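Build out the structure end to end from the sequences listed, making use of the hints.
Residue numbers (this note's numbering), protein chains in the order written: chain F, 1 to 313; chain X, 1 to 287.
Because the hints were derived from the structure by calculation, they are not lab data.
This structure is a prediction, so every number in the text was calculated from the model and none was measured.
All C-beta atoms in this analysis are idealised placements derived from N, C-alpha and C, irrespective of residue type, glycine included.
Mixed in with the good hints, there may be bad ones.
Unchecked claim - Anything over 10 Å on all C-beta distances counts as not near chain X; from chain F, calculated: (1) G75; (2) I284; (3) D300; (4) P308.
As the list claims (entries may be wrong) - Simulated restraints on C-beta separations: (5) P231(X) x A50(F): 37 to 43 Å; (6) L122(X) x A50(F): 33 to 39 Å; (7) F23(X) x T126(F): 17 to 23 Å; (8) L25(X) x G168(F): 46 to 52 Å; (9) L201(X) x Q208(F): 32 to 38 Å; (10) E64(X) x V137(F): 33 to 39 Å; (11) H28(F) x P22(X): 54 to 60 Å; (12) Y50(X) x M12(F): 48 to 54 Å; (13) V63(F) x D48(X): 54 to 60 Å; (14) S74(F) x L122(X): 24 to 30 Å; (15) L201(X) x R232(F): 40 to 46 Å; (16) L177(F) x Q230(X): 34 to 40 Å.
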Amino acid sequence: MGAYIVRRLLAMIPVVLGVMVFSFAMLHLSPGDPAITLAGADAPPEAVEAIRTQLGLDRPLQVQFLTYVGQVMSGNLGQSLVSRKTVGQEIVRVFGPTLQLVVAALTFAVTAALMLGVASAVWRGTLLDRLTTVAGVLGLSLPIFWVGLMLIWWLSFQWSLFPISGWGGPIWTLKGLHYTALPALTLGATLIGPLARMTRATLLEVLQQEYIRTARAKGLGEWRVIYLHALRNAALPIVTVIGLQFGYLLGGAVVTETIFGWPGMGRTAVLGILSRDFPLVQGIVIAMALSFVVVNLLVDVLYGVFDPRIRYA
Amino acid sequence: MSGEPARSAVRAGVLRRLGRKPFMLAVLAVLVLCGAAAALAPLLAPYDPYRVDTARRLEASSREHWLGTDEFGRDVLSRLLFGARVSLAVGLLATAIGLVSGLVIGLCAGYFRRLDNVMMRLVDVLMAIPAVLLAIAVVAVLGPGLPQIMVAVGVSSLPGFARLTRSVVLGLRELEFVQASRAAGASDVFILLRDILPNVLPSVLVFGSLHMARSLLAVSILNFLGLGVQPPTAEWGAMVSGARSYLRQAPMLATVPSMAIFLVALSFNLLGDELRDLLDPRLRGVV
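What follows is the structure in structure tokens.
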């Protein structure tokens, strides 16, 4: 397993390098002097010069790139133009809330999708199965901002069950959970459809296998067969879908955070764009791209856990 | 040669088979109607979509204003019709950008073996950057605007098209009719355009129609976030964004444009699913 993880880690290097080139290009493609872009339009000339020497902007491009990579690697992402804190501090501040939102949404979506997917595979062709399929197609076409706004209108305005927006602290506190519920529901809802569909399809396929017949033949109860034997083998495609959908999940998080005033990376990036805080936005783009890379690494590692054959391939 | 009539026969068959399903006819009708409504917006709209009437803010549906009025007293139906032009055109153009560039890259990577590795590694890197993130980066560099988000959504859909095209080309290039062309002395460009492209197009177009739904949703999300069109331009996502502050009094104001997005995205999804099953059942599970 260790060698497998090392191999996956090495395979990340080109992608991480790609992300670096991408964010470096962001700086140099923006119109005007990069040093002024980073220091802010109304910065004093000394500040602009300081950034110019720090990043070596008067040197050849390849030297600039290496300097830039060095700066990013040592955690120096510059300074936010609005808050005047370092971009590193800002990212540390907004990373936790986004992580909490995404993990809560995933937990909700996977739980709901597994229940729906297993139920519609077991009771195939029933009303429940058909409703799940239809809901999956409908859910795929629904704009996420409408889901969020309607949840607010219904559960916050009409029933006063949940706070309209804001951050209530970590999810393990009651207040934190209360504030996380609606954003997580909104973000998770978009994932349930594709996940449930995948669960149903793979489970139906797995249930045809010989070892399932064997498990049944030796007298295991049907639910034991499904949970112990079938679902474990259906896990791989489900994990794949989660990995593939994670990009959409990050995009959805940007919208969800904006609607619910959630102090995470997505909302901060949007506010950063609107207030022309280039260093902050650039830092968040790097942080988000890297977390995307890490999630895909986790997905790869999970492959190895669920299917030992992959580790040795 | 005989390729031309055979292909148009396949095409006619697809249309006929689509036509035999009343449900798919309804889906096509919805799309045609939406397109027509967008094209004819200046003729159909009962009011000027930008005319402000502060005396009649946030009105419910009435005989004068079928879908009510918005936060500035503008007619929602007129804004919906004019908004359709922006939303549909930008979604379509974004998909076209992704389709054409992905197709070209996929054709080259699949056909010229020497380019394959380099091109597909670049595509992999692009794939590691989610659409909204790419859009945020582009807008951070160039500032908010429709062309920016159009390019961003288009470029982020490029990897899917490129991978699909490449995989189909890899299967085709060793087939006998391609080898025969090559033996007959046809140039690479000729083979790519006359032999390979026509056989790649059905799969790519199916993927394109499935992708239209995604592009439309992505574009409306970016406009909702304020990264695309700026007020007072009528666009579906931007209309929802404007309605956000009046959610308590007028939930319909956010719902009407959302349902328009939903209806069009759903139609494209259903059409794409159906086309996939008709043209290329092998793609089930892939796209």
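Under the constraints set out in the numbered hints, which ones does this structure not fulfil? 2
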